[in-house]
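Undergrad: Since chain A is already given, all that's left is putting chain B on it; use the hints.
As given, the protein sequences belong to chains A and B, one line each in that order.
For my numbering, count along the first sequence from 1 and bump the result up by 74.
For my numbering, count along the second sequence from 1 and bump the result up by 74.
Simulated from the structure, these hints should not be mistaken for lab results.
Be a bit skeptical, because a hint or two may be false.
Covered stretches of chain A (chain B as the covering partner; in silico rule of three or more C-beta atoms under 8 Å from a C-beta of chain B) [as the list claims (entries may be wrong)]:
no., region
1, 107 to 120
2, 284 to 292
3, 385 to 391
4, 402 to 415
Values in this document were obtained by computation on a predicted structure and should not be read as measured data.
Idealized CB from N, CA, C, for every residue including glycine.
Number of protein chains: 2
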Amino acid sequence: MVGAGQLARMTHQAAIGLGQSLRVLAAAADDGAALVAADVMVGDYRSLADLRRFAAACDVVTFDHEHVPLEHIRALADDGVSVAPGPTAILYAQDKLAMRGRLSELGVPCPGWRELGRLDELSGPIVIKAARGGYDGKGVWFVSDRRQIDALAATGTPLYAEEQVAIARELAAVVARSPFGQGAAWPVVQTVQRDGICVEVIAPAPDLPPDRAEQVQHLALRLASELGVVGVLAVELFETMDGRILVNELAMRPHNSAHWTIEGARTSQFEQHLRAVLDYPLGATTATAPTVVMANILAGPDDVVPKSLDERVHHCMARWPDVKIHLYGKGFRPGRKVGHVTALGHDLASVRQRARQAARLLSHGDRTLGGPA
Amino acid sequence: MVGAGQLARMTHQAAIGLGQSLRVLAAAADDGAALVAADVMVGDYRSLADLRRFAAACDVVTFDHEHVPLEHIRALADDGVSVAPGPTAILYAQDKLAMRGRLSELGVPCPGWRELGRLDELSGPIVIKAARGGYDGKGVWFVSDRRQIDALAATGTPLYAEEQVAIARELAAVVARSPFGQGAAWPVVQTVQRDGICVEVIAPAPDLPPDRAEQVQHLALRLASELGVVGVLAVELFETMDGRILVNELAMRPHNSAHWTIEGARTSQFEQHLRAVLDYPLGATTATAPTVVMANILAGPDDVVPKSLDERVHHCMARWPDVKIHLYGKGFRPGRKVGHVTALGHDLASVRQRARQAARLLSHGDRTLGGPA
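The shape of chain A in the complex, shown without the other chains (with noise of 0.2 Å):
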């Protein structure tokens, strides 16, 4: 797995089950997958030579991002290199201007978009969006004013403008597809995001109608497959105020909004994405609890972290024995995802809390404890 982060270490949790060893190539000796796994390469995915040497002692190629440069994907694949998803898939989930190009095509439900030079064919208050590397509310600017937009074209990164939606929720589709061709759908999910960045996942989404559900799955099954697409899918969705479901963006690797798999479906996006590119067959994704609810850990600022890691885990596990904690080994900076608990049971409210309340414990070192949500 080029890239060494927490998708990477959870990726060879799973993997050491499969009775595999993932090979990760790290940016830095201290990445978290680093820390844990047996065979790293520190080395950097900008630079086809280290991902030449990288691919030499791998069965397969796979990411836990989008920023390798798709032409040294290309080159990997050309030299005979398993890679995983292939680079006629990655596109679509490096380049969002492709990905909209390609999705219209499809005729798949997506905001209005155009490129920077037919602006005027949008209608309503538009938001320009970065075409590659954007992340977590990064690479997107609500800006309307024709100054503004040209001092950020004038930047060179590549833009393009959507028009902006009243979006009701988000929600998430997240599938696995094998080179074979198999396909596996998890529930829909619903994602809570805060300032762009994904705070919470609930599983399934509440009161999406089944009929809908399905729908969703079958049209993150129909991408996967149409794109090509080897390993996890995650298809980003906003619900809008008037009841339609567009896609917002693409994911092909693990993806935040599919963390609760881990403890809340029978296969983890882990367990399937390592199914999906080693070609074998998929894991069911049934879930093992009626509600299950994934809070990220968003570390707090610096001047409000009153008590050390180890005991805000301490107090974590002692209020709540039930809630599994899922931490990345990283350094805290403020904001940064350190880590994410995932919550079960029957009561949506109740699951809700409990990860709300330990995700914030541990960002923070609440000093609430016992007291009101």
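TA: Quick look at chain B alone, frame taken from chain A:
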């Protein structure tokens, strides 16, 4: 963790979630855990110098087997190393004669036993057991002839004798205890042995009345407390034909009889062992499904392994998408435990059949796919 077999391998998986990385003392670089852990020292667990060098980089030292010389464990503790379980507890996992003596003092029901010099005080058929080093049916002799016993004793192995009990079935009560004294018990399970080797574990033990199960859990928790165990304690039990429950053996580490907890309980024995030895609060031990069956994958005879492991995994996944596979990264030698599978569900008969068939397929390359059980 001293030892780098499958128990350390699965403990490392759990450690990753807790933001930790397991340091292992491996006998060889290709031991199961050494293949997947980042922090591996190859050394000899019988060498105090190696143990000291290993311990110097650990917060806490724990074990994946009982074979570390007790005097070395004492020496580490005397050095000020945090050792869990400590030497005063681990004695009773290493030395069955000491264990029998202590359990009798505590009034715990055991098979009748005597040292070899007082054999005549036992009634009925007896079994000779090695006080140390026995496992998986090794170190047990069904001999009653005095000359045969003398011949065994002449080898220098410390021995003792037990009355043979008419066993209806075997059970196991697995608990954990923290240094603070917190205890947690998983549901009591039935273990199924073949040729002295555990082949299957059923959780919870079928038809065990709830009050009886609770008594057994309390016994195991009491033993953990009386013996000062820190970490997981597995109490292997005989249920006799006349309805008594007797203690057979103790293990103070993650144990085969609780592998089912990885998917089958809210907190796995591997996470719980880490929580205990790291002095964290213990996790919830509630089951995640009404019935869970774990079946060991025992490598079949060489001459009936017609498919590669990879092919067998492929077939197993295709046939049982919901069965969870755990492979230990070991070479297949006939009879060796090379992995396990876990199936979960509502109906014991069907869950058990899935687990058995999957394990058999992975063991033998069974050609009867689609055929009867």
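Undergrad: Look at each hint and say if it fits the structure.
TA: How the hints compare with the structure:
1. 107 to 120: Holds: 6 residues of the region 107 to 120 of chain A have a Cβ under 8 Å from chain B.
2. 284 to 292: violated (count 0)
3. 385 to 391: holds (count 3)
4. 402 to 415: Coverage by chain B holds here, the residue count being 3 at a Cβ distance below 8 Å.
In summary, the structure is inconsistent with hint 2 from the numbered list given earlier, while agreeing with all the others.
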